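What follows is each chain in one-letter form.
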Amino acid sequence: MTYAGFDVDKIRLLARELRKAGGGAGGLQRDLAKLLGDAESALNGVRPTSYQPLLDTMRGGEPKGVPGLLATALPDTAGEIDRRCDRISPASGAFPPGTVVDPMIVFDRDEPDQGKVNQVLDAMKGLGGKDFGMNGDRDDLRALAKRLEDLTPAELDLFLSKVSDEDLKRYGRLISDTGDGWLNPFDHNGLPDGERREHLSHLLERSGPGLWAKLAADLPGVQPGFDSTDVFLDGANSQSGVSTAGLHYGTPNVPMFVDGVQADEVAQGTLGDCWYIASLKATAAADPKFIQDGIRQNANGTVSVRVWDKDGKLHWVTMTPDLPLDAGGDIAFARSVSGNTTTESWPGYYEKAFALLYAEDKGGAPDGKDGDDRYDREEHGSYGAIEWDYNEQAPPYVTGDDADGIDLDYDDVKKSFDSGHPVIVSSRSSNDGLPDHLKASYVTRHVFYVKGFQDGKIVLGNPWGPGSPDAVVTPDEFKKWFDDPQKLTVGD
Amino acid sequence: MEEWRLRRGIPYRLEHDGASLLVGINDLTAGQVVVTVNVDGVPSGTYELGVGDTVDIADRSYTVTAIEAAGRGYADLEAGS
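Which chain is which? The protein sequence lines are A and B, in order.
Counting from 1, position 129 in the first sequence corresponds to residue 200 in the numbering used here; the numbering is continuous, with no gaps.
Counting from 1, position 48 in the second sequence corresponds to residue 1107 in the numbering used here; the numbering is continuous, with no gaps.
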């Protein structure tokens, strides 16, 4: 269902008019009742020749129909309208085009059911110290997750305003812990990755603005951490203008889109995830609409991004609208850039969704910091999980299909590219003997993407984005200096 | 003394005199780092540096104080006072 043109100010004006009309309904009822009484008196006891049951509702006493009932019905409706407008009014102003409004938010006519909310609160509190039995806690948690998802948005807001941090954190720990119990290797605990991701997305998409902070603070997996990234652990880099010591979450000061998806503008930030950004840029270049269709801003301000998991299952990962920012307030990781100015935030949301869902981190490339497990540990659900990995790992998460390795051959690459396939390729680990014309553009141990062809040469783009020169290589140079080209498939 | 850790694979963006600079490591081997400085998208210089070598970036002189080629790799630069 698509909604277009929500004008909250005008809808609120309608509510005011309804309330005003409701205020006059009682007087109108009294006037009509008096008129009816006067008319009957004028008949001097003669029975009317016709009977209109509707007129009975206008006699004195308790209102039984219009207009008397409107005295309460119209203000009630106005109240519903105001309540829904409060939920869909972004604090930052009007919604950009493409905003998605969950019908549940618009059509939950009823006031929150306090009893239903209290039952869920009790069930969540009851998790403390509960004996889940030999089969583990998964069935209990699934039942509670379903009850949470059955709450209307208004009920969910009421629940979140009442639940204690202690109870919510315990729930978060339990649904995140899928390990076996000490004594029973056959029990089932927590919610499996994909199921937990869907659950968290559901809660974020339905909760009211202002309540995300509680979800992010109490439930692991809502917000990907960045404190295990190299750039954070390295500390300040004051000369670069990017003070990693000041890395923090905040709302970007640029819109999600300005001029649609422009692959050339996508820029890798201070995160070592060229292997992902190359796939994102390559796909954006081949099919900008595919990328644009894969992200949406929800009416409550959250953002949802389409990502496929490692098993090829599609998820809309819903996240809070904040991104890691540097000390100066600029987006620290992926974003769109023009010159050196950040212009759009959409790549940051794609990257954030990927960080939340990527499940194949094995610690990335070793960093020579043996014994310091802050660096190359195996992670999940954090930005650290997407630092340094192999080029064929990212495409399934971006396109929904595994990438296909192709020959390191000009004709094969051109044939793939010309038939609409994005192509990414790794560089070698050494540049010994590199021709002079490639010295500025060639980066070892990196992933590039094919931008096009020029005079029999391949034009390779750097995921670093604007400011980094393309590597333009002959077929022989391509064969010598690159490795492991992958053909992506979009939209099958 | 200001220090700047350049990590392999990471672009570093600066503004200087109205120009957009992008600094990145092109290659890293034991004892040597290759750094390119791009100004408004055009390479202005590619430098092969060892520990103790200096390079000028955005009108400041930097001395290479450490190179770690193993693993992800990085080079530490120190700005002259």
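Careful, some of the hints might be misleading.
Claimed, not checked - Subject to a maximum C-alpha distance of 20 Å in a straight line, what follows is the list of computed SDA-like cross-link-like pairs (lysine to any residue): (1) A:K510 - B:D1115; (2) A:K91 - A:D109; (3) A:K510 - B:G1109.
Said to hold, decoys possible - Derived coverage of chain A by chain B (criterion: at least 3 residues anywhere in the stretch with Cβ under 8 Å from a Cβ of chain B; other residues may be distant): (4) 326-333; (5) 521-532.
The set of hints was computed from the structure by calculation and includes no laboratory data.
Remember, predicted model here, so these are calculated numbers, not experimental data.
By construction, the Cβ of each residue, glycine as well, lies at the ideal position given by its N, Cα and C atoms.
Against the structure, the hints:
{"no.": "1", "hint": "A:K510 - B:D1115", "result": "holds (18 Å)"}
{"no.": "2", "hint": "A:K91 - A:D109", "result": "violated (28 Å)"}
{"no.": "3", "hint": "A:K510 - B:G1109", "result": "holds (17 Å)"}
{"no.": "4", "hint": "326-333", "result": "violated (count 0)"}
{"no.": "5", "hint": "521-532", "result": "violated (count 0)"}
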